[in-house]
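Colleague: One line per chain: the protein sequences are Y and F, in this order. Sequential numbering from 0 applies to the first sequence in numbering that gives the first Met the number 0. Sequential numbering from 0 applies to the second sequence in numbering that gives the first Met the number 0.
All clues stand as given, with none of them false.
Here are the computed lysine-lysine pairs in the DSSO-like style, where the Cα-Cα straight-line distance is at most 27 Å: (1) F:LYS5 to F:LYS38; (2) F:LYS128 to Y:LYS87; (3) Y:LYS87 to F:LYS141.
Derived from the structure by calculation, the hints contain no laboratory data. Only a predicted model underlies this, so the values are computations on that prediction, with no experimental measurement involved.
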Amino acid sequence: MKWSQIWVAYLTIVRKEITRFTRIWQQTLIPPVITTSLYFVIFGNLIGPRIGDMEGYRYMDFIVPGLILMSVITNSYANVSSSFFSSKFQRSIEEIQVSPTPSSVILLGYVTGGMARGILVGVVVTIVSLFFSKLSVHNVFVMLSIIFLTALLFALGGFMNGLFARKFDDVSIIPTFVLTPLTYLGGIFYSIRLLPEFWQGVSHANPILYMINAFRYGFLGISDISLSTSYTIIIAFSVVLFLINLRLLNKGYGIRS
Amino acid sequence: MTAALKIENLEKVYTNGLRALKGIDLEVNEGDFFALLGKNGAGKSTAIGIISSLVNKTSGTVKIFDVDIDQNFPLAKSYIGIVPQEINFSVFETPMQIVMNQAGYYGINSRIARERAQRYLEQLGLWEKRNDISRELSGGMKRRLMIARALVHHPRLLILDEPTAGVDIEIRRSMWEFISRINQQGTTIILTTHYLEEAESLCKNVAIIDNGNVIENTSTRELLSRLQREIYVLDLHQPLDRLPEFSRGKWRLVDSTTLEVDISKEQGINGIFSQLNDNHIRVQSMRNKSNRLEQLFLDMIDSSSDRKEKRL
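Could you put together the complete structure from these sequences and hints?
Modeller: Pasting the structure below:
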């Protein structure tokens with residue numbers, strides 16, 4: 000295929016993915032907004048004032064970046080894992096398989112679709128958060144790059160989940176038993192400096208901690224982790240996941256007999 | 000003449016140990032209308048799956064218009080259009096979206112894709128339904144949609160895996176006409192079907208796969224010429240009480256107004272009528288009992304099974 004044809008194939012997959020999640024917006028865009036709004040009301044408005052300041056900021060202001068990023072993480076991941084698995088289940092993935100579209104383009108197309116949903120939900124949640132918090136932006140570049148890279152990383156993770164999934168239950172196992180606990184323990188609601196030294200060390204093994212702290216730095220200018228470490232970890236995980244996914248896709252894992 | 004498809008020593012062993020293909024060789028010439036026949040589980044769909052990259056081969060070579068799939072699969076795939084046995088599109092999309100997306104996967108820009116989608120949806124009687132959710136289409140419409148989708152990138156080789164399964168006779172006939180037209184315009188066609196009259200009336204060449212082996216690969220005409228006997232059914236004008244004593248052929252009285260006769264190729268059918276005249280029996284109509292290719296197919300499969308049993 001020529002580059003221009005590859006570009007058309009890529010745009011086709013992206014358009015198809017975006018059409019899919021916007022068609023079912025009641026299931027894809029509204030629920031995360033409602034969930035995060037509840038977090039804002041309960042943790043920010045009701046419990047927050049009793050907690051007091053966190054790292055020199057109102058508790059509500061402290062948790063907003065983490066909650067935005069949490070919605071980006073869960074939605075980028077869920078979009079790709081469920082969409083790719085549905086394509087396998089309905090066998091509509093064969094439409095792309097029989098075509099000359101390269102595996103890398105299939106992967107990038109699905110991942111871009113997942114990123115689009117994650118970032119779109121992130122933007123909507125950010126708008127909702129303005130009703131509860133006066134958002135200040137400390138570093139736009141850090142904020143945008145981290146949201147982009149985090150969406151990329153978790154869309155890649157979702158793709159791998161979709162490849163391995165053999166039944167619908169398999170799509171929800173990782174989000175329920177891995178992603179949600181790691182996200183909650185990744186410092187959305189607290190600074191890890193509040194934890195005993197041992198648990199601070201354990202928290203450093205959680206990759207989501209690096210993303211949330213870097214993202215919070217973009218808004219508030221505070222972080223428990225150095226920015227360079229955060230970028231290195233997010234990029235390294237993304238590269239590794241991309242390569243593994245590409246290898247699996249080339250071998251036809253989960254999609255070819 | 001260029002081979003549209005050339006398969007050499009193709010083998011497939013699934014992870015559960017099943018040897019679906021046992022080193023088959025097959026060649027389909029450009030422009031051919033080729034039937035690939037076999038029982039369920041014979042290996043047809045595995046072979047088609049390998050050609051279209053849905054199944055990994057274990058060994059052997061596959062060339063599509065001289066392009067080896069191991070050397071340049073994307074180019075080889077660009078030559079193929081496939082209509083699978085089972086519905087494999089997103090039922091939540093519209094026919095227009097499905098055909099347009101397929102064009103996009105082949106790198107066709109949206110203007111050309113839209114023109115082609117309109118042309119094929121119109122030709123296949125789906126234009127009125129272009130914006131309906133595909134889930135709401137009838138079975139026949141879904142099958143025609145898959146044909147439109149397979150044609151949108153103008154493939155040189157169209158593979159139809161039981162395209163008319165479960166389709167009513169009227170739509171089946173119109174699909175035959177459409178597919179024949181596509182073949183006449185130069186597209187090579189490989190057809191698998193369980194309706195053997197379909198293969199007999201449409202296909203120039205036939206291969207029969209049984210138990211992972213190609214047991215026959217020849218022209219339809221040559222294959223039919225091997226038919227040694229035929230069964231005719233005769234509808235009688237007047238009922239008969241008992242079967243008269245005919246001198247030649249095997250006769251059966253199916254019911255009081257229906258006779259059946261087995262005749263060998265050498266006998267010809269004139270002899271039937273002379274015997275009927277001798278017995279003052281008037282015939283209202285006459286037809287073949289079974290499809291000729293079907294008879295041959297069953298004979299071949301039976302003899303292949305017999306050989307296998309003997310080997311065991």
